[in-house]
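Chain by chain, the residues run as shown.
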Amino acid sequence: AQSVSQHNHHVILSEAASLELGCNYSYGGTVNLFWYVQYPGQHLQLLLKYFSGDPLVKGIKGFEAEFIKSKFSFNLRKPSVQWSDTAEYFCAVNADTGNQFYFGTGTSLTVIP
Amino acid sequence: DAGITQSPRHKVTETGTPVTLRCHQTENHRYMYWYRQDPGHGLRLIHYSYGVKDTDKGEVSDGYSVSRSKTEDFLLTLESATSSQTSVYFCAINTPGQGALNTEAFFGQGTRLTVV
Numbered sequence: 714a715q716s717v718s719q720h721n722h723h724v725i726l727s728e729a730a731s732l733e734l735g736c737n738y739s740y741g742g743t744v745n746l747f748w749y750v751q752y753p754g755q756h757l758q759l760l761l762k763y764f765s766g767d768p769l770v771k772g773i774k775g776f777e778a779e780f781i782k783s784k785f786s787f788n789l790r791k792p793s794v795q796w797s798d799t800a801e802y803f804c805a806v807n808a809d810t811g812n813q814f815y816f817g818t819g820t821s822l823t824v825i826p
Numbered sequence: 370d371a372g373i374t375q376s377p378r379h380k381v382t383e384t385g386t387p388v389t390l391r392c393h394q395t396e397n398h399r400y401m402y403w404y405r406q407d408p409g410h411g412l413r414l415i416h417y418s419y420g421v422k423d424t425d426k427g428e429v430s431d432g433y434s435v436s437r438s439k440t441e442d443f444l445l446t447l448e449s450a451t452s453s454q455t456s457v458y459f460c461a462i463n464t465p466g467q468g469a470l471n472t473e474a475f476f477g478q479g480t481r482l483t484v485v
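Protein chains in written order, with the numbering used here: chain A, 714 to 826; chain B, 370 to 485.
In isolation and in its complexed conformation, chain A is listed as follows (with noise of 0.2 Å):
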């Protein structure tokens, strides 16, 4: 079965800092990358997503996240958060082996005003 690592666990920033959450998955084939945010309190929503093309994905809230096949990595970004950006971030890998999504553990945010 795939697998998807988080590396930090809990990150706190303030506002108007860089933020950028490492995802790595363990499958060599095609895959499809995501990046769910939970808020407090709500269920997992769609942050951006990659299928093919471009390795560098925009997504909503001004978050980006670039795919480096080399790496196995689909490390998440944004150049300024905000407070209400404070929220559970996950990543989660859709191989082309099944119709199974593969989540990682989740990086809690804190944004400080």
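The hints are simulated quantities; they were obtained by calculation from the structure and are not laboratory data.
All values derive from a computational prediction rather than experimental measurement.
Check before you lean on any hint, since a few could be wrong.
Unchecked claim - DEER-style ranges, computed between Cβ atoms: (1) S434(B) to I781(A): 14 to 22 Å; (2) G741(A) to E428(B): 15 to 23 Å; (3) G420(B) to T823(A): 39 to 47 Å; (4) E728(A) to G420(B): 43 to 51 Å; (5) S793(A) to P387(B): 44 to 52 Å; (6) L470(B) to E733(A): 41 to 49 Å; (7) T395(B) to D809(A): 22 to 30 Å; (8) K426(B) to G741(A): 23 to 31 Å; (9) T810(A) to G372(B): 22 to 30 Å; (10) T440(B) to E779(A): 31 to 39 Å; (11) G766(A) to S434(B): 36 to 44 Å.
As the list claims (entries may be wrong) - Covered stretches of chain B, as calculated for chain A (at least 3 residues, CB under 8 Å): (12) 406 to 420; (13) 469 to 483.
Unchecked claim - Taking beta-carbon pairs under 10 Å as the criterion, some of the chain A residues facing chain B (in silico): (14) H722; (15) V744; (16) Y752; (17) H756; (18) S765; (19) T799; (20) D809; (21) G811; (22) F816.
Cβ atoms here follow ideal geometry from the backbone N, Cα and C, with glycine treated the same way.
Guided by the hints, dock chain B onto chain A, whose structure is given.
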């Protein structure tokens, strides 16, 4: 939200009792999933379904069963609830893609289950 409704949203139950959670979707998606979310573990797949009466086990299926008698409903049953099954349960659907790829997952609002 892909028309996904989970019920109940909150439930407290006693150890040893059976519990059924319901996931209802309005958009006729083929694939439906049940996950549990626990601190430090992220989302773990319990069971999934790829059509009416077609289900399969996920990573953490012990103690759970599922049924899908209609396309729109996917039921998760805890046969005899234990405290270790205290968790937040999410239902999800996958949109149609190209084979296994180019699909997105959409989630329901979640059910917070407490087993006392």
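Going through the numbered hints above, which ones does this structure break? Give me the numbers in ascending order. When the structure is compared with the hints, numbers 1, 6, 16 and 19 turn out to be violated.
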